[in-house]
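There are 6 protein chains.
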Amino acid sequence: MYSLLTYGEILLRYTPQNGTRFLNTTGFDCYVGGAELNVAAGVSQLGLKTGIITKIPTNAIGMMARHKVLSCKVSDEYIYPDYNADARIGSYFYEKGSSPRKPEVVYDRNNSSFLKLQSQELPEEIYNNTKCFHTSGINPALGRNTSEQTMLMLKTFKEHGALVSFDVNFRGNLWTGEAAKEYIEKILPYVDIFFCTEDTAKLTFLKTGKLETIMKEFAEEYGISYICTSRRIVHSTINHSFTSLLYNAGTDTYYEEKPYENINVTDRIGSGDAYVAGTLYGILNNLDMQQVVSYGNAMGVIKNTITGDIAEITKDEIDALISSHHSGNNAEMKR
Amino acid sequence: MYSLLTYGEILLRYTPQNGTRFLNTTGFDCYVGGAELNVAAGVSQLGLKTGIITKIPTNAIGMMARHKVLSCKVSDEYIYPDYNADARIGSYFYEKGSSPRKPEVVYDRNNSSFLKLQSQELPEEIYNNTKCFHTSGINPALGRNTSEQTMLMLKTFKEHGALVSFDVNFRGNLWTGEAAKEYIEKILPYVDIFFCTEDTAKLTFLKTGKLETIMKEFAEEYGISYICTSRRIVHSTINHSFTSLLYNAGTDTYYEEKPYENINVTDRIGSGDAYVAGTLYGILNNLDMQQVVSYGNAMGVIKNTITGDIAEITKDEIDALISSHHSGNNAEMKR
Amino acid sequence: MYSLLTYGEILLRYTPQNGTRFLNTTGFDCYVGGAELNVAAGVSQLGLKTGIITKIPTNAIGMMARHKVLSCKVSDEYIYPDYNADARIGSYFYEKGSSPRKPEVVYDRNNSSFLKLQSQELPEEIYNNTKCFHTSGINPALGRNTSEQTMLMLKTFKEHGALVSFDVNFRGNLWTGEAAKEYIEKILPYVDIFFCTEDTAKLTFLKTGKLETIMKEFAEEYGISYICTSRRIVHSTINHSFTSLLYNAGTDTYYEEKPYENINVTDRIGSGDAYVAGTLYGILNNLDMQQVVSYGNAMGVIKNTITGDIAEITKDEIDALISSHHSGNNAEMKR
Amino acid sequence: MYSLLTYGEILLRYTPQNGTRFLNTTGFDCYVGGAELNVAAGVSQLGLKTGIITKIPTNAIGMMARHKVLSCKVSDEYIYPDYNADARIGSYFYEKGSSPRKPEVVYDRNNSSFLKLQSQELPEEIYNNTKCFHTSGINPALGRNTSEQTMLMLKTFKEHGALVSFDVNFRGNLWTGEAAKEYIEKILPYVDIFFCTEDTAKLTFLKTGKLETIMKEFAEEYGISYICTSRRIVHSTINHSFTSLLYNAGTDTYYEEKPYENINVTDRIGSGDAYVAGTLYGILNNLDMQQVVSYGNAMGVIKNTITGDIAEITKDEIDALISSHHSGNNAEMKR
Amino acid sequence: MYSLLTYGEILLRYTPQNGTRFLNTTGFDCYVGGAELNVAAGVSQLGLKTGIITKIPTNAIGMMARHKVLSCKVSDEYIYPDYNADARIGSYFYEKGSSPRKPEVVYDRNNSSFLKLQSQELPEEIYNNTKCFHTSGINPALGRNTSEQTMLMLKTFKEHGALVSFDVNFRGNLWTGEAAKEYIEKILPYVDIFFCTEDTAKLTFLKTGKLETIMKEFAEEYGISYICTSRRIVHSTINHSFTSLLYNAGTDTYYEEKPYENINVTDRIGSGDAYVAGTLYGILNNLDMQQVVSYGNAMGVIKNTITGDIAEITKDEIDALISSHHSGNNAEMKR
Amino acid sequence: MYSLLTYGEILLRYTPQNGTRFLNTTGFDCYVGGAELNVAAGVSQLGLKTGIITKIPTNAIGMMARHKVLSCKVSDEYIYPDYNADARIGSYFYEKGSSPRKPEVVYDRNNSSFLKLQSQELPEEIYNNTKCFHTSGINPALGRNTSEQTMLMLKTFKEHGALVSFDVNFRGNLWTGEAAKEYIEKILPYVDIFFCTEDTAKLTFLKTGKLETIMKEFAEEYGISYICTSRRIVHSTINHSFTSLLYNAGTDTYYEEKPYENINVTDRIGSGDAYVAGTLYGILNNLDMQQVVSYGNAMGVIKNTITGDIAEITKDEIDALISSHHSGNNAEMKR
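Residue numbers (our numbering), protein chains in the order written: chain S, -3 to 331; chain A, -3 to 331; chain V, -3 to 331; chain C, -3 to 331; chain F, -3 to 331; chain W, -3 to 331.
Do not take every clue at face value.
[As the list claims (entries may be wrong)] As a list, the in silico DSS-like pairs of lysine-lysine whose alpha-carbon atoms are at most 30 Å apart:
1) A:Lys112 with C:Lys330
2) F:Lys330 with C:Lys112
3) S:Lys330 with F:Lys330
4) A:Lys151 with A:Lys182
None of these hints come from the bench; they were simulated from the model. Just so we're clear, the structure is a prediction, and the values are computed from it rather than from any experiment.
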């Protein structure tokens, strides 16, 4: 029995090494990631059993990705093999920024094995096999089939009693705001936990007014239980602040904590997913809402300081981070 | 005025670093290559003006490839930009072997920008702008469009008086022997310089008998001026022997030289292309045939000892290599 | 239900980087290994379910080792955490050789968490939970407690009907030949599958005569079903030959195959364990004995060409290696 | 026809790797640079045709520098080969700083091939072959011959109608302020575009008063068309601010824009040259003066964030940087 | 004749490379350090003759540490060899922090060769052979033997007329505050130069009141000549401020200088030891007290910007740093 | 009192990293070496006290070289500082070969600080301070001053009773055979131990006949005590054989031992110097002549397998190598 199953694409990320740029590099660090994998891996490392529903090639490059998934304690039970000669794993290139030069992303994720996964390939029992199902707005943005599968899975997991979690994860390079709005509004009735930033709520869903009001509107309009909004301020490529707001519709209560300031950002990719992971961990572990917020924030924050797409952490250090954030302890280190 | 223009795909190659394998790597060395680029770069570095006809993305990854092309003194005049959002540069993964473990190639070259290049994009004057046009059997193997463009360019360059050079470069992963035979037999009447290994001649073109006879048959049947066959013996992943046979149909003469033995192979990729480059350099520079063979062999051999797809060399060292091969001088080094 | 459980220490290995030596290095590549982990990982990657019985620290260094175990598809169900402040993971330093300079091993494995593991910590059901139990002579060599635990586990698994496999793995730096002989002779009555080199049989067990005779003697004296002997010839640090002899006592038959010659050795560590893994895979998968030998040899051979303690492989490539060894196919690569 | 030819030395730069210092390093990253090469490379990458007049050895180290020049689209037509046995390429060692520890430069540029270049080696037509000629005060500081050649080239290019650009580039380690003042005042009558910092104007040329006044004085005294002054504030080794002031004598107008603040400096070397490149690009491309300032600043700023002597950029990203600086858009990245 | 002998453990430090963490690293940078070695090395590089009293294995790993000691001009005359099979060098793992993620230290220093050193192994003449003896509170925290040896050496050096220097260096992971207080109060009567932070004075020695008062109390109570207190403010993992206060009991005077602000911290380990080194250098070199403070601060500050445990510096750069701190000169660099 | 003082230049060596060549490298491994330093370092590590007489810059690059010298236990007492602004350390570039591509050396050693050293700078007592003085034919090849200093030092050390050792070390890139012959014949009367290869004896000194005869001739003609000739066979860049012949004139006896075959060469530079070091160690340590040969050969051989100019070794491993060479023990490793 899984605590969490996610559905999404596993991506390889290529980052130029040793201070080089795309323009002059001769080598790339390679990381395994993908929004929904990042969420599953975060929850797994915090202690719950997770898996990912996806498809990757059977070649050695696909195997490398599979090994990484396993090393983060995410099950590969539902990673389907693509045996075709044209099987490929989606990838993207990422060049780090240095203010005012921004990070740059070049996608190379078309025609990947993931795009071909059909929910018919899934065994019936999968729908009774998890406490929570999570996916994101990246899937419908990738094309017709993933759009349909997302809808189908959301509905079926919901029908079978799983909690359904959805992160908008709006990507302007993949689809338009209008398309996103139209699609996501159709699925929101099935969603129990909804992750959406203030910007996306306003620019994509055309909401107006205070964030608190917007959150409540979403909850009421679609019957959503939890609305979660991360709040990041980018001071420079190496200095962010981070906190979040959580709305519990059941008790009509808002939860937040003081922001983490002066985060020394080394790799921002996946910090939104880590925030989702911390939040889901808290909810699935039945923590009180204030603790849920703490886990969400701590995971989101710490990911910014870790190289790679996945927040590779120990639960002990997350607990220590939360505790020192609350106590204001700024001892340099323990030795 | 170019001495040589080639038509072909520019590829990125990813090789696991620091003794890792595909299965456990966390980083890749990245090289720029491609059979026809390798040929142009080899000829250029030997001193003649060359260019490549191809198409790559305008994004920074494409720019990186362009910079590498330029650094090898190959002109980018006919490298067409692909501005589309889905533009991509073909790539492949290459894991080094270690006997008896063989090297492994995983292609990821579908849907690349190169496949979309249309000969209509080429300016009229290009056909009068080069002494020699070279391409290979990889292009027709990649799909319908490149198959047609290859044929079209071959014919048009021929009509305008350029020497036409063609390397079979048979790739079993890209097309069948039958398809290759059918296609290539159609273009051979336009070919002046033909590169084909003995194995390919026998297995793909179903030739039988002694190599010398086969070469003469090709020449007579299709009116080809020069038939060039590299001869490699693989003792282990790190030890090859190499020589070649060249048939000059005009004088009905065969040329060869004693094999290079005990080659300490560090990267075998592109050594066939380097052999082509050395041979074309000799022919285009009007060297005597025995010297043509020497340049072909020396370039093919030295590439095996150089990391990366392109034989990055100086003409001085090729001359020194030829000279020490002939003299049997095995002084360790000059200092 | 496991196909294989092994009992042994997980070690970190430190190897000087970038051509440095112990004497002048400023960095180490770090690998996770250990004889019994290597065996479990080999069998797992060939497709059977395996786990390892061991103890490691709960600190982040221990977590790193755990992640590596997981990435090779070995279960961490029976990896017990050592929460003590003085918990440590055993380690060793390994410097590559270059003939005639030999590789050098410096152990730093005393006082490790593993040494403290008590079989009482194991759940009762573990003994009914596996088809085969494997361990090696390294454990009794490490000290009194591991010596006792080894005996206890061997007996208990045997009593519960598991196949028992044992590799002598004689280490002159850890105990004497006499101690090894005395101890191992006591446990051999419980052993079904016995791995022992000819040298060890002669120097440690004081056997004399032909290898075939020695093997049969072991089988008859202790009621062992399979005796397996790897045969390695070290031509230089980078060139070995490898084959093996297997004696099936049930049918009184010997199995072997022609040696792999001219192995381009890049990392010899763990190749004996990989040979054990291939052999156990074959036996546990009920392959015919000739195939068992083929898997044993192929795994042992390929490990020599792979950097790190564990043979990180795909079953596909092992099958291809066996097939090309038998067919004599020496095509360079497939592309 | 070139838009820009520069005259100056190509240097190799050695920077200790992996966080080491000069005192304990075992390896160096090696970059190709030189003030006038940096300018040519910057203008080239923005889209204009450039070349460099210089001399380097014909050995493989010289070839490596030549390849780098080519990769940045700078022509090597006027890079003269030094065939002498004692040919050498100038070099310098650079250790990064970390506040309050300052970066350190150790020169090793004496007796280089560049110092031997004679303007007689240049073909007559070179003087009619470019729209603009640029050089800097480093050349006269290097010795008698380069001092004379600088003067000669400046005059000859001027006579043939090229725009003449000159950057003071004062280096206290190479000559004294007095020598610089005396020499440069002799050449200023030939200069059309003059780059000089406020500090240098005051300390070396002994100007006093407001910067605007000083600029105008230079313009009036020597008939200079454009005076360009970069303005950098060093908050720490990793945090600078940057802007500039440009005086157009023809219209008696000053141009500037709001400073770039909080620049995350990773490599400050060559940012002054990049500023010159952006400015010359704007002027040679006939942009309006406000845009000239924008290109100068954006190039100078972005170089601080790029490792290596040359600002390896795409024009697209410079345009995007200018646009986001003006719009205040601080979105993290586009994806 | 030595200016300084220190007594303490030489440690290896392992830091994950290339932006990895303990959890996912595959390699470690390895540094040689240890509080008392760091002090000796700092003083040595400033120009005085130093040595260290310690014990390390005779294996190649021990030799590597010895080579590093020598390279920093510290004598190995009193580094005793441990020939035992279980000889080991103490080590620790260090993962860099990135605010708010703190650095992490994992010790693996139990059972090291150092712990076995007996003062009987020292030659009689050692006590007459140095101007100053320095050690720290780490030794008594490591166990009974080192606790006794520390006491013995302190007394004997004192009796023979050497200046005795002691740094509390409190490590909460090694012993309790109570144990530290009890032990150190016993040795303070033998101490001439005492290094203790304000925090330790208050939390461990239970002092209260102003720092100046506390310092004077120590001096008066135990007859200590110099009390030295470094003062660090940790703004973030990459930004510290640093200064210190020195009390000269002989003249009842306090010395300090304005803090270094905005230190760009790259490796904080060993900066306290470097401060001690600078201070001891000043005192042993008979500088005036204000200069003593300057050397202490400059050494402490610069170490924060240098990777590795030892402040590898030149005296020239320390002098330049002091001078530019006092003059406020913030020129970027000299070139 | 030194066992050995050598006189010679300390050089930096730059080798392209990560499989790159001069033509395309972006980084260099940097080693400290020089024929006479290599000899001193070899003897020092075998256990005798040595120093080097040389001059290097006082800048941080010079300091780095000094640190390396110290780390090999060579005294820096006679390393004279060059404070001049134009001080430089000689350097050379070295690209590894891969048969049939030969290694390539590019010198950049002109105008170095070493060339300026005057024997007047040496203290009088130096000549009474060593048992043996060693230098090589590289010094006179470098220019007039070093040629004179070499002669002066040889004579003065001889007069003061030191053993004088001289290695021809002929470098065709630095001087001609005629010049070498003329110069060296003048100094041979002062030489006690003479190192000269058979090739040099024949090509440079125009000797003919059997090697044994030539050696005896040298000894008789110039009163030399020991003539030492290394004998290397280069099978390929990675496979050499090595042995040597030693002639003891005092007893008119020749010594040799069976060659080391199949040496896996990773870095050939400095192996001749290591052979000299082993031989001098034996002679200075008064070993019997057969052992002298063994140390010479073992040192020469092992250097071929060690990266860098200096044979960084432990005496233990040299002893083990000699012992296993004589016993024919080819156990893989000890563990």
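Index of numbered hints that the structure contradicts, given in increasing order
3
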